[in-house]
Amino acid sequence: MDSFPYLLLVAAVAVVGTTDSELPCEGSNCTSTEMTTYYGEQIGFGRMDIIRASCSHLRGLKVPPNVEILMINNCTSGDLHNLPSLPKLSMLRIRNGNISELRDEQFAVMTGLGTLELRNNSIFRVSVEAFKGLPHVWRFGLHDNNLTILPDGLFHSLPELVDLDLSHNKIATLDFETFSKNPKMKLLWLRDNPLTMVLAIPLKQLIRLDLANCRPLEELQMHSAETLILTNSGVRKLDVVGSVSKLYARKNRLRYLQLDDKMSIIELTLHDNMMQTKELNKILLGMWRLQRLDLSCNLMNELPVPNSGNSDEVFFLPNLKFVNLSSNMLEYLHGDSPLMSPALNYLDLSHNRIRILDPHIFKMVNNLQYLHIEWNQIRDFRYDSLYKQQRGLKLVTLFNNLFSNGTYVTITKFFMNAGVHVNESNQDQPEVSYTTVSSMDNYELSLPDEGLMEVKAQLTETSEQNLRNGSLMIHHIKGPK
Numbered sequence: 001m002d003s004f005p006y007l008l009l010v011a012a013v014a015v016v017g018t019t020d021s022e023l024p025c026e027g028s029n030c031t032s033t034e035m036t037t038y039y040g041e042q043i044g045f046g047r048m049d050i051i052r053a054s055c056s057h058l059r060g061l062k063v064p065p066n067v068e069i070l071m072i073n074n075c076t077s078g079d080l081h082n083l084p085s086l087p088k089l090s091m092l093r094i095r096n097g098n099i100s101e102l103r104d105e106q107f108a109v110m111t112g113l114g115t116l117e118l119r120n121n122s123i124f125r126v127s128v129e130a131f132k133g134l135p136h137v138w139r140f141g142l143h144d145n146n147l148t149i150l151p152d153g154l155f156h157s158l159p160e161l162v163d164l165d166l167s168h169n170k171i172a173t174l175d176f177e178t179f180s181k182n183p184k185m186k187l188l189w190l191r192d193n194p195l196t197m198v199l200a201i202p203l204k205q206l207i208r209l210d211l212a213n214c215r216p217l218e219e220l221q222m223h224s225a226e227t228l229i230l231t232n233s234g235v236r237k238l239d240v241v242g243s244v245s246k247l248y249a250r251k252n253r254l255r256y257l258q259l260d261d262k263m264s265i266i267e268l269t270l271h272d273n274m275m276q277t278k279e280l281n282k283i284l285l286g287m288w289r290l291q292r293l294d295l296s297c298n299l300m301n302e303l304p305v306p307n308s309g310n311s312d313e314v315f316f317l318p319n320l321k322f323v324n325l326s327s328n329m330l331e332y333l334h335g336d337s338p339l340m341s342p343a344l345n346y347l348d349l350s351h352n353r354i355r356i357l358d359p360h361i362f363k364m365v366n367n368l369q370y371l372h373i374e375w376n377q378i379r380d381f382r383y384d385s386l387y388k389q390q391r392g393l394k395l396v397t398l399f400n401n402l403f404s405n406g407t408y409v410t411i412t413k414f415f416m417n418a419g420v421h422v423n424e425s426n427q428d429q430p431e432v433s434y435t436t437v438s439s440m441d442n443y444e445l446s447l448p449d450e451g452l453m454e455v456k457a458q459l460t461e462t463s464e465q466n467l468r469n470g471s472l473m474i475h476h477i478k479g480p481k
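Each residue of the sequence shown is one higher than the last, beginning at 1 in my numbering.
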């Protein structure tokens, strides 16, 4: 995370005065110009004393015992044990220092602490009992440090922990027991760690789990999270044994996705993965609450349709409003696909190989408003019949198909006269997101849209053994944000 939120401080404290004369600062390492004491009034909560200091050495820092919020910057040396007993301290923030190591019971003299942030302090070693004596800490930030290992039981002494930020470290593995004593945790930030193994995450009340940029995390098993962020982490197998409402898994290698509670899914983003139609039939079946689906830049050659083998369960997506299928290998569309939902209002079919767009495809759609069909091979387009069927259309994008110039002008005029906006953006070949195969991590290759699909298709035919032993690398060069 780029910022550690302190809503209590920002929203509730109004600074009404500043003084340097009362500063308890002594020694050459901490001058009065480096330290400021804020006295604020907090409506409804009484007086709150805040100290903000910039000291090169903690030994020279003297803090009044009644301080409630202490923020220290640029501490280049000194032992945290030099901090005095501060029974009223509710928030401690130490940033941009050089602490390097946290020893046993490092903050035990601050028994009332609720928020602890140690961002960007070059911490690389933490004792297993470093946080013993902090029963009330609920928000904890250790982001932007050099941690490689989390000792077994490190967070067991923090039973009230709700928000934990470990992002931007060098952590490679997470054991099943790492968070087993933190049942109240709701926010867990792990992005930008080189994770190779996660032995399940047992937390059941997570609101957000952020595992973005955690390459090379090939497999992940977890329990539940309202929102799971798994962008650009190299994952090819994901198993959620609980529930997830919003899954963002852009730029991975996913070919296997197991979701036990499909009824919980509302948003599913699988842009730039290795998904094929046959896998999607199984994945989407039962997602009755799904509203947003992004399958752009995958390996679909046709739309998923009901399978007679699934007669015991109806394949229907009644709440699906947004569907992005751009940059696949679609040639023909099926009107009986559950993706053509009655609730659908946004559909992107651009950058495929579609030849015919029959209005019959949208027979189940009640209110289509946005339609993207640019960069296909469409010659036959019964645009007038489409509009009679979809009177709610607001925008159509259809450039770079196989229409003659005259036909394109005719279609454009028809929609404009009907009050439908026709997007006539730059018709030159744009750069598109693509994935290529190489034995080198940084290999780059410029491919047109069709080349992208061929390369991905070839990759799916490669043996699973090659994928397991890592001889094939998926390297994402550029894609939409």
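It is possible that some hints are incorrect.
Quick list of the computed label-pair ranges, beta carbon to beta carbon [stated by the list, open to error]:
hint, residue 1, residue 2, range
1, Glu-160, Pro-64, 35 to 45 Å
2, Ile-149, Gln-377, 47 to 57 Å
3, Lys-363, Asp-152, 52 to 62 Å
4, Pro-87, Asp-152, 26 to 36 Å
5, Pro-64, Lys-184, 40 to 50 Å
It is worth saying that the hints were derived from the structure and are not from the lab. Glycine residues also receive a C-beta, built at the ideal position from the N, C-alpha and C atoms.
Let me make sure I understand: some of the numbered hints might not hold for this structure. Which ones are they, in numerical order? The structure conflicts with hints 1, 5, although it agrees with all the remaining ones.
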